[in-house]
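Throw the hints in and build the complete structure from the sequences for me.
The listed protein sequences correspond, in order, to chains A and B. Numbering follows the numbering used here, in which position 224 of the first sequence is assigned residue number 224; successive positions increment by one, without gaps. Numbering follows the numbering used here, in which position 316 of the second sequence is assigned residue number 316; successive positions increment by one, without gaps.
Honestly, the hints are just simulated from the structure, not real lab data. Even glycine gets a Cβ: it sits at the ideal position worked out from N, Cα and C.
Below 16 Å or equal to it, Euclidean Cα-Cα: the simulated EDC-like pairs (lysine to aspartate or glutamate) are:
#: 1; chain 1: B; residue 1: LYS88; chain 2: B; residue 2: ASP181
#: 2; chain 1: A; residue 1: LYS218; chain 2: B; residue 2: ASP181
#: 3; chain 1: A; residue 1: LYS218; chain 2: B; residue 2: ASP182
#: 4; chain 1: A; residue 1: LYS215; chain 2: B; residue 2: ASP181
#: 5; chain 1: A; residue 1: LYS118; chain 2: B; residue 2: ASP406
#: 6; chain 1: B; residue 1: LYS327; chain 2: B; residue 2: GLU259
#: 7; chain 1: B; residue 1: LYS260; chain 2: B; residue 2: ASP332
#: 8; chain 1: A; residue 1: LYS218; chain 2: B; residue 2: GLU178
#: 9; chain 1: A; residue 1: LYS270; chain 2: A; residue 2: GLU186
#: 10; chain 1: A; residue 1: LYS215; chain 2: B; residue 2: GLU178
#: 11; chain 1: A; residue 1: LYS118; chain 2: B; residue 2: ASP410
#: 12; chain 1: A; residue 1: LYS215; chain 2: B; residue 2: ASP182
Here are the in silico distance ranges between beta carbons for each label pair:
#: 13; chain 1: A; residue 1: ASP149; chain 2: B; residue 2: LEU62; range: 50 to 56 Å
#: 14; chain 1: B; residue 1: ASP162; chain 2: A; residue 2: ILE184; range: 56 to 62 Å
#: 15; chain 1: B; residue 1: GLU241; chain 2: A; residue 2: GLY238; range: 52 to 58 Å
#: 16; chain 1: A; residue 1: ASP149; chain 2: B; residue 2: LEU380; range: 53 to 59 Å
#: 17; chain 1: A; residue 1: GLY238; chain 2: B; residue 2: GLY207; range: 39 to 45 Å
#: 18; chain 1: A; residue 1: PHE191; chain 2: B; residue 2: MET126; range: 43 to 49 Å
#: 19; chain 1: A; residue 1: HIS185; chain 2: B; residue 2: GLY160; range: 49 to 55 Å
#: 20; chain 1: A; residue 1: TYR197; chain 2: B; residue 2: LYS88; range: 42 to 48 Å
#: 21; chain 1: A; residue 1: ASP156; chain 2: B; residue 2: GLY160; range: 28 to 34 Å
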Amino acid sequence: MSGDSSAMRVMLDARFEGFATALRLQIRVISALMVRDALARFGHENLGFFWLFGEPLLLTVGVMAMWSLGGHGGGRQIAVVPFALSAYMMLTLWRHIVGKSVHVLRRNVGLLFHRDIKYTDVLIALAALECLGGLSAFFVAYVPLWLFDVIDVIHDPLLLIGAWMLMTWFAFAVGLVLAGLTEIHEAVERFVAPILYITLPVTGAFYMVHWLPAKLQKIVLWSPPVHVFEMFRAGMFGPDYPTEWNAGFVVLCCLVTTAAGLPLVQVARKHVRME
Amino acid sequence: MSQDLESGATGTAGQSTQPRQVARPRERRVELRPIPPEEAPEAAAGWTEERPSKWRHLPLVLLLLLPVSLSVVYHGLIAADVYVSEAKFIVRATARSDAGSMNMLMQGPNFARSTEDTYVVSEYMMSRDIAALLAAHHDLREVMGRPEADFLSRYPRPFGADTAEQFFEAFEKLVSIETADDTGISVLKVRAYRPEDAEKIAHAILGNAESFVNQMNTRANRDALSFTEQMEIEAKRRMVEAERAITEFRNRYKVVNPEKETTETLAGLAKLQTEISRLEAALAQQRAMAPDSPGLSSLQEQINSLKAEYAKGQRGVAGGVGSMASKLQDYDMLVLERDLAARSVAAAVGELEKTRQEANAQRIYLQTIVEPNLPDHPRLPHRLLDILLVAAFSGMVYKIVRTLLDGVLDHGR
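Quick look at the structure:
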């Protein structure tokens with residue numbers, strides 16, 4: 001009897017330890033996958049890893065130069081450069097995560113060869129890499145611009161980073177849904193690029209909600225990325241520029257989308273064939 | 001089957017068999033042979049069958065069953081019926097529009113009919129001021145704390161106190177106002193635990209809002225009027241001042257109307273001149289006719305005195321400090337000042353009249369389109385809908401947590 005109970009206790013400890021070990025293992029796996037993905041995308045030659053944040057940096061700085069010279073005038077009061085910065089960094093994050101989730105399961109099926117790597121790890125690693133890369137790109141662009149007095153100091157860094165994380169979560173959730181759907185049905189892949197393009201106005205990247213007429217404001221505020229962009233800009237510019245956002249709504253949308261996406265990926269696993 | 005396997009391994013090396021069909025994973029039959037304890041003693045010692053962890057169902061219970069059962073209990077059994085009384089109103093301004101009809105045509109369809117006055121009134125209806133008024137005159141606190149209400153939504157809250165802030169928060173939950181952008185019509189909804197309470201509070205809110213609107217009107221009128229009244233008083237004062245200056249001038253220089261007097265003096269001088277000319281003519285004639293006449297010198301004397309008289313008169317009119325001309329200048333200034341003052345008084349009085357008329361015409365008023373109704377059926381709470389929402393939400397969260405946890409545990413095996 002005593003032998004049994006001590007065995008039970010050992011087993012219980014083993015359970016908790018088991019969970020902690022498993023978690024540690026998963027984190028190691030995810031970090032390894034992140035490094036692998038970065039190397040796979042950029043390689044060792046040339047600037048290699050730098051392109052992780054070099055790419056959004058190039059895009060944003062290019063657009064900033066173009067808009068400044070072309071006199072785009074970021075609209076009412078905001079100067080062109082900060083507005084371009086706030087728009088393009090997050091937009092890159094959104095588009096990369098969602099874009100790369102098409103057929104992601106079948107592209108990475110070879111990784112499943114390793115017993116410790118699961119699909120969830122791969123997806124999380126991809127999203128985390130984009131998140132960190134984009135965030136570094138933002139700061140690499142921001143610091144010199146701030147030092148040269150082109151941009152004011154960030155008003156609320158916590159809000160800024162919170163918005164960034166929410167965007168990552170939402171893009172990840174949508175990516176999950178797309179990853180599942182594109183494996184289950186062949187035709188879905190064709191719709192993704194056009195839909196991303198058409199919904200570009202609805203992401204709220206190129207305008208602030210207060211610039212729109214009242215009726216349009218109400219419509220556009222149904223789209224979660226708009227709230228996230230407003231949060232990001234509220235963090236960057238401060239209360240001088242009125243913003244309207246509701247973090248709870250974004251969290252709710254993320255929860256719904258994630259809850260839909262995770263089972264979709266589970267189901268889609270069976271549809272992936274090992275080539 | 002195990003016998004088959006063994007015989008197959010040893011016996012059929014050389015035989016030609018049909019191509020071995022590899023069964024697909026689902027169809028492969030796998031058989032487990034338990035290892036007898038003698039062959040693996042260390043495994044048999046403390047080995048028990050792997051059972052699912054007894055913590056396995058904890059997330060399910062915590063995240064799904066618990067919220068749903070709590071929700072069922074609350075929404076099904078405890079929650080009190082809430083009656084909603086609805087009223088519709090619009091805030092109108094009777095402003096004269098100076099834009100001609102051409103302007104209106106070119107403006108195109110105007111979507112924003114709701115002016116800022118509507119929002120001002122809506123803001124007031126949801127403000128602490130009106131809450132305090134309702135509490136004082138219409139027993140709002142009792143309405144919010146009726147015994148019919150369940151213990152969670154009654155005011156004051158189970159762990160809350162009766163503070164002004166909490167009272168206001170509870171009030172905000174009771175009342176809602178929505179304004180349609182294109183029509184400008186606002187809908188007022190009041191919730192209460194008794195139907196007559198809801199209707200009474202809705203009426204009270206509308207009544208208070210009307211007196212608030214009237215207050216706004218009189219204040220606006222007063223401001224506009226006081227300005228023009230001020231202007232009129234100022235103009236009148238200036239007029240009085242001008243008159244006083246003229247009177248003082250007249251008293252000082254002992255002349256009532258310098259202009260007229262100057263004219264008269266000049267006329268007199270002209271007459272003098274005529275007389276002088278006549279006398280000179282007569283003198284010349286006399287001289288021509290009778291150079292030695294004794295009347296010549298008297299004529300000459302007359303002419304001389306008249307000339308002296310004329311010169312004096314002339315000096316009195318113009319030239320020199322005490323002359324009429326310099327006084328005339330001052331007098332002209334004073335008369336000018338009085339004329340201007342008179343004109344500004346006329347303008348101010350006209351302005352005052354116009355402002356009075358405008359003020360009386362341009363008011364905003366609250367028009368109740370639909371009176372608050374007496375509800376007979378509780379519209380709230382949406383019991384089934386709330387339970388389903390709670391179930392859906394906690395289901396989602398549970399699903400996510402379950403998948404993530406399973407994913408983590410997958411790595412442990």
